[in-house]
Amino acid sequence: MIRNIPPTDRILVVDDEASIRNLFEEIGNEAGYTVYTAAGAEEALALLEQNDINVIFLDLKLFGMNGIELCRRIRSEKPLAIIYAMTGWSGLYEVEECREAGFDDFFKKPVSADFITRRVEDAFEKISRWTDRGF
13 MIRNIPPTDR ILVVDDEASI RNLFEEIGNE AGYTVYTAAG AEEALALLEQ NDINVIFLDL
73 KLFGMNGIEL CRRIRSEKPL AIIYAMTGWS GLYEVEECRE AGFDDFFKKP VSADFITRRV
133 EDAFEKISRW TDRGF
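128 is the number that the working numbering gives to position 116 of the sequence shown; each next residue is one higher, with no gaps.
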């Protein structure tokens, strides 16, 4: 089910694969979200500095700063953000390391449109519950 989502609900997808960024952008736009994409950590940090984005999907294997380090940087600035780890390389990073870095969940690519939509909706609902309580 696609809901009417205000354009203030923004998503960031950081992946070095254009096909993954395009998939998330297409699915997010169809669901009414504003989707920002970045191919690497520096571009992602610049987007986060310029935009209020609280739902973030990070590929773990990025050139330069990897997804683990990027998550730590983001988490220090945005403690209420929902940050998902995604990887095409099962076993490359341990789930425990992702949790310690501040990821909220971990999944292996490829993923379906339904899976992406559910994760985004769950994230915004969680953020809404937290902010409604004054956190």
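Some hints could be false.
Unchecked claim - Below are the EDC-like pairs computed for lysine to aspartate or glutamate, each with C-alpha atoms no more than 20 Å apart in a straight line: (1) Lys121 <-> Glu61; (2) Lys120 <-> Asp134; (3) Lys121 <-> Asp64; (4) Lys120 <-> Asp28.
To be verified - So the derived label-pair ranges between C-beta atoms look like this: (5) Asp144 <-> Ala30: 18 to 28 Å; (6) Asp144 <-> Phe75: 15 to 25 Å; (7) Gly44 <-> Glu109: 31 to 41 Å; (8) Thr143 <-> Phe75: 28 to 38 Å; (9) Arg141 <-> Ala30: 17 to 27 Å; (10) Asp144 <-> Glu29: 31 to 41 Å.
Honestly, the hints are just simulated from the structure, not real lab data. Source: prediction; values computed, not measured. C-beta: ideal position from N, C-alpha, C; glycine also.
Quiz item: Regarding the pair Lys121 and Glu61, is the alpha-carbon distance no greater than 20 Å?
Solution: violated (27 Å)
Quiz prompt | Outcome of range test on Cβ distance (Gly44, Glu109; 31 to 41 Å) | solution = holds (34 Å)
Quiz item: Are the Cα atoms of Lys120 and Asp28 separated by 20 Å or less?
Solution: holds (15 Å)
Quiz item: Is the hinted pair Lys121 and Asp64 satisfied, with a Cα-Cα distance of at most 20 Å?
Solution: violated (26 Å)
Exercise. For the range 17 to 27 Å, tell me whether the beta carbons of Arg141 and Ala30 fit it or not.
Key: This hint is violated: roughly 34 Å between Cβ atoms.
Quiz prompt | Whether the CB-CB distance between Asp144 and Phe75 falls inside 15 to 25 Å | solution = 39 Å Cβ-Cβ, so the 15 to 25 Å window is violated.
Quiz item: Straight-line Cα separation of Lys120 and Asp134 no greater than 20 Å?
Solution: holds (18 Å)
Quiz item: In this structure, is the beta-carbon distance linking Asp144 and Glu29 contained in 31 to 41 Å?
Solution: Holds, at about 36 Å.
Quiz item: Range hint 18 to 28 Å: satisfied by the CB atoms of Asp144 and Ala30?
Solution: Violated, since Asp144 and Ala30 (Cβ atoms, about 37 Å apart) do not stay within the stated range.
Quiz item: Taking 28 to 38 Å as the hint, is the beta-carbon distance of Thr143 and Phe75 inside that range?
Solution: Check passed, 34 Å falls within 28 to 38 Å.
In summary, the numbered hints that this structure violates are 1, 3, 5, 6, 9.
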